[in-house]
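Q: Each chain, letter by letter, is given below.
There are 2 protein chains.
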Amino acid sequence: MDTTHRLARFIVSSRYEDIPADVRHEASRAFLNALGCAIGSARHETVERALAAVQPFSGTPQATLWGRSERLDAINAALMNGISTHVLDFDDTHQRAVHPTAPVLPALLAYSEWRPVSGRELVHAFVLGVEAEIRIGLSVFPEHYDIGWHITGTAGTFGAAAAVGKLIGLDEQRMTWTLGIAATQAAGLREMFGSMCKSLHPGNAARNGLTAALLAAQGFTSSERAIEAPRGFANVASTKFEPGVIIEGLGQSYELSRNMYKPYACGLVVHAAIDACIQLKREHALEPAMIERVELTVGPLVPELCGKRDPRDGLEGKFSVYHAAAAALTYGAAGEAQFADDVVRNPAVIALRDRVSAAADPAMRKLEARATIRLRDGTVLESHVEHALGTVERPMSDRDLEDKFRGLTEDVLSAAQSAKIIELCWGVESLNDAGELSRATAVS
Amino acid sequence: MDTTHRLARFIVSSRYEDIPADVRHEASRAFLNALGCAIGSARHETVERALAAVQPFSGTPQATLWGRSERLDAINAALMNGISTHVLDFDDTHQRAVHPTAPVLPALLAYSEWRPVSGRELVHAFVLGVEAEIRIGLSVFPEHYDIGWHITGTAGTFGAAAAVGKLIGLDEQRMTWTLGIAATQAAGLREMFGSMCKSLHPGNAARNGLTAALLAAQGFTSSERAIEAPRGFANVASTKFEPGVIIEGLGQSYELSRNMYKPYACGLVVHAAIDACIQLKREHALEPAMIERVELTVGPLVPELCGKRDPRDGLEGKFSVYHAAAAALTYGAAGEAQFADDVVRNPAVIALRDRVSAAADPAMRKLEARATIRLRDGTVLESHVEHALGTVERPMSDRDLEDKFRGLTEDVLSAAQSAKIIELCWGVESLNDAGELSRATAVS
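Those protein sequences? They're chains V and W, same order as listed. Under the working numbering, the first residue of the first sequence carries the number 1, and numbering increases by one thereafter. Under the working numbering, the first residue of the second sequence carries the number 1, and numbering increases by one thereafter.
Where hints are given, some of them may not hold.
No distinction is drawn between identical chains; accordingly, a pair holds when it is met within one copy or between any pair of copies.
As the list claims (entries may be wrong) - Heads up, simulated DMTMM-like pairs for lysine to aspartate or glutamate below, C-alpha to C-alpha not over 20 Å straight-line: (1) LYS308 / ASP146; (2) LYS240 / GLU143; (3) LYS240 / ASP146; (4) LYS308 / ASP354; (5) LYS366 / GLU393; (6) LYS240 / GLU402; (7) LYS240 / ASP2; (8) LYS420 / GLU283; (9) LYS308 / ASP361; (10) LYS308 / ASP342.
For the record, the hints were derived by calculation from the structure and aren't laboratory data.
Whenever a hint applies, use it, and build me the whole structure from the sequences.
A: This is the structure in structure tokens:
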């Protein structure tokens with residue numbers, strides 16, 4: 001039997017009882033993290049412009065825009081929530097590739113507000129959607145990404161489609177078509193990084209994946225070998241294809257277990273350096289005035305990706321390991337607030353930033369760093385972070401994720417509304433109507 | 001200046017007066033042909049299933065579904081009319097590649113029903129959209145197609161985007177973003193040929209192209225080198241890229257001049273053989289009973305693409321040069337009616353079909369054929385068609401296109417409504433409100 005059919009059969013035949021409790025709990029963590037990201041950027045310029053473009057065409061208000069007052073039809077809501085979840089680049093990252101939740105959850109919750117399903121059904125469909133998404137992505141990775149495809153856009157389309165297909169309860173034939181209709185819509189170029197289109201990719205993946213499942217549910221046909229055929233997705237959009245990555249060991253472990261959450265509002269590669277700085281600040285009650293010099297030893301990707309010496313605004317600050325370290329040592333944090341324009345332009349932060357140096361060491365892993373801090377009084381402090389906070393080896397705790405959620409949403413939600421959403425995420429499997437989770441994010 | 005910017009500048013700076021009269025007339029021909037195809041398949045199963053999937057999410061009824069009573073929001077109407085225009089594979093074909101009109105016209109007319117524009121603006125935007133579409137397509141052709149991309153889906157997204165961007169009146173910056181947002185949504189796999197997804201491709205191209213222009217109009221940003229950058233569309237989705245094909249000679253001639261229309265409801269490669277048979281039938285008043293044997297000499301692609309010896313239904317009949325010749329000799333025509341299931345299964349047609357042979361000759365051009373017919377009375381008739389009817393060398397006349405339109409729509413429209421649409425197409429440039437053309441196709 002062929003890859004696409006075998007994957008479809010697995011998704012269709014999976015039972016809720018098959019999913020281990022820790023994997024289901026990971027879904028709650030992913031939901032809380034994604035909703036926080038989306039609510040925190042609900043008024044972002046990228047979101048406002050996209051909404052202005054599509055709102056005149058939206059149908060019956062069926063689904064919530066997270067953290068906003070508007071409701072759109074489910075397809076447009078999936079698009080918009082996919083954009084807002086990713087726009088800060090603060091959403092989750094699978095250990096190897098793909099931002100898993102931004103394409104999948106918006107599609108699922110938009111559908112759930114239109115056609116009520118239980119919290120258990122939502123969690124089950126989410127776990128399976130992510131499974132399809134990551135396995136298809138990894139089967140063509142890294143060549144697919146190296147060629148220039150934004151894998152969150154491409155693999156994400158499959159993830160959203162498979163998840164909604166499961167929620168609808170499609171049979172194997174229609175699930176196969178769902179994957180095929182997803183395959184022929186999978187898109188998104190890395191060339192768009194740095195522009196608003198980057199977050200359009202998970203938005204489109206959510207919209208197109210949802211549409212794929214809705215079409216297949218009506219009997220709309222596609223190729224039945226959309227992934228593996230000589231002219232299927234894998235061969236057309238990559239120079240590598242390992243079908244075994246998709247079909248081997250299905251159901252024995254779940255890719256959602258390898259999901260990571262960012263504690264800091266910037267590129268992953270500088271997280272370990274931030275960790276080291278925050279750790280030393282806390283242990284030694286450091287203040288900027290005490291610090292003579294900060295010497296960072298970082299992985300080789302850091303200068304390439306985050307080497308901006310003189311960032312001019314918040315966005316550039318996210319690509320500056322120097323700013324990140326200075327902000328961490330000044331505020332003991334590196335959330336969105338520490339990457340605001342006025343923080344990046346704050347003379348005190350700049351003065352400390354200018355005393356930060358970073359040396360790349362090829363022996364360092366991607367999420368490893370060392371900080372050596374020389375104080376004015378001659379003391380030398382050192383911290384070595386082997387795995388940044390948020391990695392699979394050193395995950396953020398549930399409490400960390402709650403703190404992150406509150407930090408992201410404090411300007412948008414009351415403390416009571418924030419607490420309610422946190423409670424709904426942890427207890428999502430007891431919900432009779434999963435759409436309650438979306439509706440709880442609405443603001444007046 | 002870079003390719004994307006130069007193309008954007010050309011589109012933005014083009015004036016209506018720059019477009020030669022014969023090119024503008026070709027737009028009318030393309031409109032008439034596309035509307036006929038869409039109206040003739042307005043109740044096709046593919047269309048019905050797609051509509052059932054998206055209708056619950058459609059917004060305010062802003063735009064007509066051609067040949068139907070429903071109205072949807074403009075974005076969903078663009079999607080649906082893109083599907084219905086292409087579903088019979090009877091729509092137009094550029095001389096070298098791409099079905100030009102199915103992605104572009106649905107996007108333009110849906111927009112025009114939402115925000116009225118003049119017939120001249122419609123024609124101007126259409127000519128420029130097709131220009132962008134064909135040039136971008138040919139800049140990566142044939143490698144892009146050989147890899148497995150359905151070029152009508154990919155290039156079509158650019159075409160629809162550029163056309164609507166012109167209609168909106170975007171400046172160069174926003175037109176550049178429009179092309180970028182199109183680039184990152186361009187998709188469609190040839191693997192889908194033979195399934196309903198094939199006509200989803202121009203539908204999605206219309207929907208996504210329209211959305212790209214609407215987003216850019218709101219200031220939604222993209223890469224500004226989306227076509228030519230190392231990780232731009234051309235390099236990611238092809239192994240060939242000739243930027244000169246896009247930017248050289250812009251405005252000196254128009255690709256729409258090289259547009260072709262199909263007189264027969266099947267693959268282009270068998271058209272010359274049909275021509276030869278119809279010609280001999282007319283000249284000699286042939287009846288099937290008079291015919292002993294039919295020997296066809298055809299291009300080398302015919303056996304590969306249309307070599308079905310025993311087609312079982314209408315769809316298979318379209319891929320059988322034997323059925324096509326038998327039907328042409330029986331009915332003197334090869335429209336949709338001659339590819340109906342009951343015609344393909346008609347014992348009289350089958351009996352004649354079994355007396356047809358076809359030999360491939362590598363020296364034959366793609367749209368060339370020879371027919372030798374041996375009659376029972378010993379007479380031998382021969383016809384050599386150098387260029388099939390509908391090619392640029394031997395175009396269908398305006399009158400032919402009217403006949404085709406009437407043939408396609410006679411089961412859906414009254415003669416008066418059909419005549420009205422024909423009149424509106426020929427006089428489209430005198431319309432104050434181009435949306436009238438769409439609304440004229442509505443049935444109650």
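Q: Next step is simple, just say for each hint if it's right about the structure.
A: Hints, verified against the model:
1. Taking CA atoms no more than 20 Å apart as the test, LYS308 paired with ASP146 passes in neither setting, with 23 Å inside one copy and 42 Å between copies.
2. Within a single copy, LYS240 and GLU143 get their C-alpha atoms as close as 6 Å, and across copies as close as 18 Å, so both meet the 20 Å cut-off.
3. When the C-alpha separation of LYS240 and ASP146 is checked against a cutoff of 20 Å, the pair qualifies both within a copy, at 11 Å, and between copies, at 18 Å.
4. Taking CA atoms no more than 20 Å apart as the test, LYS308 paired with ASP354 passes inside one copy only; the shortest distance there is 12 Å, against 75 Å between copies.
5. For the homomeric pair LYS366 and GLU393, the shortest alpha-carbon distance inside one copy (13 Å) is at most 20 Å, but the shortest distance between copies (61 Å) is not.
6. Proximity of LYS240 and GLU402 under a CA criterion of 20 Å is satisfied in neither setting, with 39 Å inside one chain copy and 50 Å between copies.
7. Taking identical chains as interchangeable, the C-alpha atoms of LYS240 and ASP2 lie at most 20 Å apart only when both belong to the same chain, with a minimum of 17 Å there against 31 Å between chains.
8. Within a single copy, LYS420 and GLU283 get their C-alpha atoms no closer than 34 Å, and across copies no closer than 83 Å, so neither meets the 20 Å cut-off.
9. For a Cα distance limit of 20 Å, the shortest separation of LYS308 from ASP361 inside one copy, 18 Å, qualifies, whereas the shortest one across copies, 64 Å, does not.
10. Only within a single protomer do LYS308 and ASP342 lie at most 20 Å apart by alpha-carbon distance; the minimum there is 17 Å, versus 71 Å between protomers.
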